[in-house]
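Peer 1: Sequence:
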Amino acid sequence: MSEVIADQEVIDWISVDSALPDAEETVLTNVPECGEPVWLGWYDEGVWYQIDGGEIAYPVVAWAKMPRGVLREGKRAVAV
Numbered sequence: 001m002s003e004v005i006a007d008q009e010v011i012d013w014i015s016v017d018s019a020l021p022d023a024e025e026t027v028l029t030n031v032p033e034c035g036e037p038v039w040l041g042w043y044d045e046g047v048w049y050q051i052d053g054g055e056i057a058y059p060v061v062a063w064a065k066m067p068r069g070v071l072r073e074g075k076r077a078v079a080v
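Residue numbers (the numbering used here): 1 to 80.
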């Protein structure tokens, strides 16, 4: 039986036209032209990179700060 944590988090997507992340900050990237449109990456000196270090080949249209993840203290767990 796995455990599901009753917690939610909103991801705020930021257009690359309005702001860019700090250099080398790991963020979620939105690249609609890719097979996997949401991926981890970072931006540095005018270039977007995938988490593995390769350049992102298609235009990044938006990015978001990394989610916090599950906070176990004080959260209710539900068995499924």
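Hints listed in this document are in silico derivations from the structure and should not be mistaken for laboratory results.
Possibly wrong hints are sitting among the right ones.
Below, computed lysine to aspartate or glutamate pairings styled on EDC-like, alpha-carbon distance capped at 20 Å [to be verified]:
| # | residue 1 | residue 2 |
| --- | --- | --- |
| 1 | K65 | D17 |
| 2 | K65 | E25 |
| 3 | K65 | E24 |
Peer 1: Now tell me, hint by hint, if it's right for this structure.
Peer 2: Each hint tested on the structure:
{"no.": "1", "hint": "K65 / D17", "in the structure": "holds, 16 Å"}
{"no.": "2", "hint": "K65 / E25", "in the structure": "holds, 9 Å"}
{"no.": "3", "hint": "K65 / E24", "in the structure": "holds, 12 Å"}
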